[in-house]
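There are 2 protein chains.
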Amino acid sequence: MNEQNFSQLSQNKIPLPERAADQITQLILSRQLQSGDRLPNEFELGSQLGVGRGTIREAVKILVARNILTIKRGKGTFIARHPGEVEDPFGFAFYNDRLKLAYDLLEVRLQLEPWAASLAAERATDKDLAVIQEEAQAVESLIDSGVPHLEADTRFHTAIARSTQNMIILKVLPVISYSEDLFGTVNEDAIRRETVRGHRDIVKAICSHDANAARAAMEAHLDLNRRMIEKVGTRGRSPLSH
Amino acid sequence: MNEQNFSQLSQNKIPLPERAADQITQLILSRQLQSGDRLPNEFELGSQLGVGRGTIREAVKILVARNILTIKRGKGTFIARHPGEVEDPFGFAFYNDRLKLAYDLLEVRLQLEPWAASLAAERATDKDLAVIQEEAQAVESLIDSGVPHLEADTRFHTAIARSTQNMIILKVLPVISYSEDLFGTVNEDAIRRETVRGHRDIVKAICSHDANAARAAMEAHLDLNRRMIEKVGTRGRSPLSH
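Residue numbers (my numbering), protein chains in the order written: chain S, 1 to 242; chain C, 1 to 242.
Source of the hints: derived by calculation from the structure; they are not laboratory data. In this text, all values refer to a predicted model and were calculated from it rather than measured experimentally. Keep in mind that the hints are not guaranteed to be accurate.
Repeated chains share a single entry, so a pair holds when one copy, or any two copies, can fit it.
With a cut-off of at most 25 angstroms between alpha-carbon atoms, the simulated DSS-like pairs for lysine-lysine come out as follows [unchecked claim]:
{"#": "1", "residue 1": "Lys75", "residue 2": "Lys13"}
{"#": "2", "residue 1": "Lys127", "residue 2": "Lys100"}
{"#": "3", "residue 1": "Lys61", "residue 2": "Lys75"}
{"#": "4", "residue 1": "Lys72", "residue 2": "Lys13"}
{"#": "5", "residue 1": "Lys100", "residue 2": "Lys231"}
{"#": "6", "residue 1": "Lys13", "residue 2": "Lys100"}
{"#": "7", "residue 1": "Lys204", "residue 2": "Lys13"}
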């Protein structure tokens, strides 16, 4: 609960639909409704919460906006696939100092991603390894054909994060990898070749369950990001103006 | 953009208010509107976006639910204080395996917080140090009077995170510290004494700008969490059932 909600609560000034939205969330949690489960209908919710259908409808809109509920037209209202998860949870899009944002993100990535790669080397199942190899291959194919590979690159890094078997790493890494978007797709040949080489080293280390090699390979790979950010920083232009 | 949004986009099936909400967000970003700035009025937004006032109103509700806008009654609609930031951005509340959640969170904290403490020791300004000391004192006073100290404890850790001068650390640490809530407020005397001792060691190390000591003190302090989680795990009950 953020500060504002808190003071609103103490003054009992929370608008009715907002309060109903919180109560519906509590109901979802207490009934342990799962992703894909249907929300009880407006009538049942209304009598449970003691509010009218108009309020329930407004509350549902709020929960859809928060990705807790999803509406399937003609089918009904359901618990969302990843309830409560949002795209840009820290509002990075609203940060003005893009270069500081890029530096700060990189500092945290350098602390987390090599460590995550070493955990992946220790814990990856055979199935995890197959996915990592597949995603690395997908990135290479795109690079070979000169097609943008950012999404495939993200899937590659996500496959590594998933192999740590730690769901928090799986959630946090994509968010702090936001920095990659700051530069758009880089099209320099040297960088593409280095990306392919870096990925191959990472895959090899993880597949041989060599934690130290995986850590070192990921560190070397991230160094590419560091140099790109520093290049932008030195030129003194915003990382966004690509 | 999540998968579902993406497929909706390709089918051009995004509901009109949702699309308007995204366009208003783009407008906020391109005009570099700041937290506290007033949103252009419905009429201007409507003619800019080519939609009616009803759609603008629905779009504003979506952006309020996402904490991008805030409505001050009788005053108007403004950019929120921390636009886009949400309380539980990864939807931890919806995770069923509370014990795995607690373990995974702790594993990431152990990787990040001692490092953050060492950065704080290196980078804290005199003003930062004063705040850290103040918050540590506040926690001690509450513990002495037997009053719940969870919120003060969070402020203490936040003061350290802020001293790293890295805004990503400042955003990420509170989210992964979610684990503390899993256990409610612990009321054992031994744990209270250990908390006070741990905080004192951390404050001393940071104030003498000793990065290694700060890292070690934070590691020792987090070990308390580890032992609490393991105790719960061994008893085989959910960390939530306190």
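Quick rundown of the hints versus the structure:
{"no.": "1", "hint": "Lys75 x Lys13", "verdict": "between (34 angstroms within a copy, 16 angstroms between copies)"}
{"no.": "2", "hint": "Lys127 x Lys100", "verdict": "between (38 angstroms within a copy, 21 angstroms between copies)"}
{"no.": "3", "hint": "Lys61 x Lys75", "verdict": "both (16 angstroms within a copy, 24 angstroms between copies)"}
{"no.": "4", "hint": "Lys72 x Lys13", "verdict": "between (32 angstroms within a copy, 11 angstroms between copies)"}
{"no.": "5", "hint": "Lys100 x Lys231", "verdict": "within (14 angstroms within a copy, 41 angstroms between copies)"}
{"no.": "6", "hint": "Lys13 x Lys100", "verdict": "neither (37 angstroms within a copy, 37 angstroms between copies)"}
{"no.": "7", "hint": "Lys204 x Lys13", "verdict": "neither (58 angstroms within a copy, 42 angstroms between copies)"}
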